[in-house]
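Chemist: Residue-level listing of the chains:
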Amino acid sequence: MEIFIQQLVNGLTIGSIYALVALGYTMVYGVLKLINFAHGDLVAFSAYVGLVIMMQLAGVISSSVVIIVLVFIFTAIIISAFGVLLERLAYKPLRKAPRLSAVVSALGASLIIENGIMLIWGPRPKIFPSNIVPNINWNIGGVYIGLMQLLVLVISFVLMFVLYFFVNQTKLGAAMRASAIDQDAARLMGINVDRIIMITFIIGSALGSVGGLFIGMYYRGIYFNMGWIYGLNAFVAAIIGGIGNIPGAMLGGMLLGIFNALISGYLSSSWALALTYVLLIVIMIFRPTGILGERVAEKV
Amino acid sequence: MDNKKNILYGVFFLVLIILPFILNSRWESVATTFLIYSTVALSQDIVLGRAGMFDMGHAIFFGLGAYSTAILNTVYGVPILLTIPVAIILPLIAGILLSAPIVHLRGDYLLVTTIGFNIVFTQALKNNVFGFTGGPNGIFGIASPSIFGYSLSSQTAVYFMAFILLLITLFVIRNLETSKIGRALHYINEDSLASECAGINTRFYRLFSFGLSAAIAGLAGTVFAVQFSAVSPEAFNFIQSVLFFTIVLVGGPSSVEGVLLGTFFMFVLPEMFRQFAEARYLIFGIAMILIMIWRPKGIWPAKFGRIPKYFFKD
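Line by line, the protein sequences are chains A and B. Read in order, the letters of the first sequence correspond to residues 7 to 306 in our numbering. Read in order, the letters of the second sequence correspond to residues 303 to 616 in our numbering.
These are computed hints drawn from the structure, not numbers from a lab. Take these hints with a grain of salt, some might be off.
As the list claims (entries may be wrong) - To give an idea of the interface, some chain A residues facing chain B are shown, with a C-beta separation under 7 angstroms as derived from the structure:
#, residue
1, Ser111
2, Leu117
3, Gly122
4, Ala278
5, Ala280
6, Tyr283
7, Pro294
Cβ atoms here follow ideal geometry from the backbone N, Cα and C, with glycine treated the same way.
Take these sequences, add in the hints, and give me the full structure.
Modeler: Have a look at this one:
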């Protein structure tokens with residue numbers, strides 16, 4: 007039982023990281039109907055940027071709390087700027103093109119970021135310093151919870167609630183939902199759709215950057231092509247939850263994280279990846295638009 | 303127009319025939335791989351370009367063909383040429399079985415599911431599920447084919463095997479284009495609901511396109527296994543599927559010339575710029591974006607719907 011709960015805690019931690027990254031995929035898909043394949047690499051990039059900022063600040067500021075807060079803020083700003091730049095250069099010229107052309111453009115952008123990281127920081131993995139977040143563990147009835155895990159869980163849940171509130175309760179959020187449903191109608195209602203798309207990319211990239219930093223701080227080792235695998239997992243989470251659906255991405259991320267952790271815990275970790283995709287395929291066959299995805303009237 | 307095209311193809315084939323006699327062995331190997339990849343890309347195009355289904359797991363069928371040949375040859379000692387029927391039929395069956403539960407999925411969901419299939423496939427090969435796939439290292443020491451006692455082990459022989467493979471594929475695709483099935487696929491791609499209302503069995507034709515393309519990819523897999531006399535999971539992973547997917551879209555969906563150009567652009571050009579080792583993929587990514595911006599329908603898009611002239615007369 008303790009193993010089960012331990013794996014559940016681990017799974018929730020990883021799951022909330024997946025959920026943060028998945029939100030970036032799902033929000034962009036909601037507005038642009040585009041699978042943003044470059045998002046995963048942007049997440050990897052954010053881990054590297056965060057590491058550089060952390061190293062710079064570590065020499066100036068002594069309080070590690072201040073350092074962490076600043077690292078998160080600066081990284082989010084830089085990555086959001088990159089997200090907007092990506093949209094402007096690679097996706098905006100292709101709004102009217104066939105949908106698959108934008109997918110190729112996204113794959114191209116992914117290649118650029120991935121190899122850009124490799125050219126700047128080299129092909130060898132980088133290690134996050136261990137002393138930034140103190141290595142404190144609590145033992146609650148045989149289950150170990152680390153400070154880092156607690157931070158990941160709390161911050162992700164707060165961010166997700168803020169996002170949920172933003173999308174459902176604010177005017178800008180309503181505009182975003184309207185653009186996702188029908189861009190032309192939204193434009194007729196006086197919504198500046200280009201601005202909404204920009205805001206979507208800012209929010210998606212910022213959440214992704216938090217996810218990237220968490221990956222760096224939680225797993226410590228980062229490598230230039232990690233964007234593929236984390237991005238793909240997060241993307242699967244978004245699909246499982248129903249792509250375009252914000253609570254769906256959160257649910258999908260959690261489910262995927264727990265599923266992964268339980269398989270690694272009880273079976274073997276070399277099967278985790280394959281079984282993740284078996285789960286995806288099974289869900290796609292029985293619920294073709296994901297768990298929370300809208301039902302589309304289409305002959306099956 | 304048609305005449306021009308015939309001359310173009312004539313020149314293309316002539317160049318392909320002369321090529322192995324002027325290239326050194328490294329470039330001859332690149333040219334062989336170009337022919338094999340062109341075939342796989344053309345088969346991918348049947349599903350992606352012609353039937354309009356977003357398949358990003360085509361390396362599975364390529365891999366199934368290659369592994370069938372490799373296993374039959376190294377474990378059971380079957381001569382290469384006799385493994386060809388298996389390398390065609392096994393991917394064919396797999397293509398139909400895998401696509402049957404998912405062909406009704408909408409575009410992007412289909413794409414994700416095929417990615418899923420591909421990752422499960424590579425992981426299964428790596429973890430050596432069936433016990434004879436050789437695990438992460440793959441299988442080595444595949445024999446070279448022989449006809450009437452002559453061993454076709456030289457690079458040039460393999461090159462011409464690949465060349466014949468491409469010719470067969472071009473022939474199949476030419477027939478497909480001008481047949482009832484090709485027209486049905488084109489219609490399904492344009493508007494699947496309308497085609498269904500017109501009495502086209504969309505499900506049958508979609509499965510057909512998956513089966514056909516899987517069979518061609520499987521055959522290409524045999525030649526691939528022969529060329530490298532080894533197979534490994536890495537050669538058929540998801541990234542490889544992305545490559546075939548991109549070749550089709552960069553070149554021009556459902557355009558044979560486009561797919562050939564796309565293969566040249568996506569595979570041969572990076573080989574040429576090998577001395578720039580690390581930076582080349584960065585530049586490559588930029589080129590992919592620029593091509594899509596300038597030519598959203600591919601470098602050499604297919605031309606459809608040219609209404610015959612006699613409709614306009616009088």
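Chemist: Confirm or reject each hint.
Modeler: To see whether the hints hold, each was checked on the structure:
1. A hinted interface residue such as Ser111(A) counts as satisfied when its beta carbon comes closer than 7 angstroms to some beta carbon of chain B; here the least separation is about 5 angstroms, so the hint holds.
2. Because the beta carbon of Leu117(A) sits about 3 angstroms from the nearest beta carbon in chain B, less than 7 angstroms, this interface hint is met.
3. Look at Gly122(A): its Cβ gets to within about 6 angstroms of chain B, closer than 7 angstroms, so that hint holds up.
4. Taken as an interface hint, Ala278(A) does not check out: its beta carbon lies about 9 angstroms from the nearest beta carbon of chain B, beyond 7 angstroms.
5. About 4 angstroms separates the beta-carbon of Ala280(A) from the nearest beta-carbon of chain B, less than 7 angstroms, and the hint is met.
6. A hinted interface residue such as Tyr283(A) counts as satisfied when its beta carbon comes closer than 7 angstroms to some beta carbon of chain B; here the least separation is about 4 angstroms, so the hint holds.
7. Proximity of Pro294(A) to chain B holds as hinted, the smallest CB-CB distance being about 5 angstroms (cut-off 7 angstroms).
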